[in-house]
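Colleague: If you read the sequences in order, they're chains V and S. Position 82 (the first sequence) corresponds to 1106 in the working numbering; numbering is contiguous. Position 201 (the second sequence) corresponds to 512 in the working numbering; numbering is contiguous.
In short, the hints are calculated from the structure, not lab data. Treat each hint with caution, since some may be false.
To be verified - No farther apart than 27 Å at their CA atoms in a straight line, the calculated lysine-lysine pairs in the DSS-like style are these: (1) V/Lys1110 with S/Lys400; (2) S/Lys355 with V/Lys1045; (3) S/Lys389 with V/Lys1038; (4) S/Lys331 with S/Lys389.
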Amino acid sequence: MKDSKSIPDESNEKWEVQLRKGSLELAILAALWPGRLYGLEILRHLEDNSDLVVVEGTIYPLLNRLRSAGLVETEWVESDSGHPRKYYSLTAAGRSRALEMSRTWTRFSASMNNLLQPLNGKARKEKP
Amino acid sequence: MTLSADSQRSIDTYLAALRKQLRDLMEEDVNDIVEEIRAHILDKTTDAANPEQVEQTLAALGTPAALASRYRTEELMKRAQTHRSGAQKALLAMQWIGTVVGGLVAFAVSVVGYCLGGGLVVLGVLKIVWPQGTGLWESHGPGDSWGLSFSSGSGNTPPPNSHDVLGWWLVPLGLVLGTALFYATYRFGAWMMRMLWRPRRWRYVPNEQQI
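Only chain V is shown next, with the shape it has when bound in the complex (with noise of 0.2 Å):
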């Protein structure tokens, strides 16, 4: 019984990381979008808005692929800390992509949100 209780939360929490994965882009695009930001600023920014789980590894190689792609340019300024650190801030292409993925993000939450009123009202009834 409790197999098979199992099996649909498993493939739940891959859904979820799924989810996860393909909205990170969009989070990160506007946590740049006030200014410019290094690495480890992204993450915590990220930590303390959202509850967007980011693994610490996941986030350095999506950044660089940001980077290639002219979505995000990066510096290196001196800092006080000893080291310098690799800022990242968004190009005109990575403006105009941030504002369209928003776009689309809005649009099909709008439209998600819709489709799941029935369920909405079921899930408040079912909470105790």
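We have chain V; now place chain S onto it with these hints.
Modeller: Relative to chain V, chain S alone:
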């Protein structure tokens, strides 16, 4: 902030391993990546006196192999995203045309090969059954006309005005050459199928498990 010698050593070891794992990326990119990861580790190490902090930070990053493989996966994703544009589309179309043309050629060659091979074997056998009527005939018609032809058409009588070039040699030649041609055609067909139906994958598949 000064790190203990041990912490410094484990950071250096980690970064050296990462650099080694990233060796197939461009060198300036590798330097950039390694320095950025170094900065990350140093930034996370707020308490220099606590050597466990460094170990935790390194563990959170994953093994050098796993981290390097993430960089490569992202690189592949970028390539996959830019894949379907312009030149790549043309290349895909060319590949498709190549497959179709290759298929037609393979089919034609196979038909000819099997027919010739089969025909030779049949001739070899017929030479045994009808020795007089089967052979490679060199014919001298009226005037200057001359020709070579295989025949086993009219039972056991040779065509007029001609003589058999090969004689009994037709039996081993027909059987051996025919079988060889048949087999060669089969191998060619199999090879063409492998070439044409081969899935075109990325050569490079990142491996999370490698250490």
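Colleague: Compare the structure with the hints numbered earlier in the document and write down the numbers of the violated ones, lowest to highest.
Modeller: Violated hint: only 1; rest satisfied.
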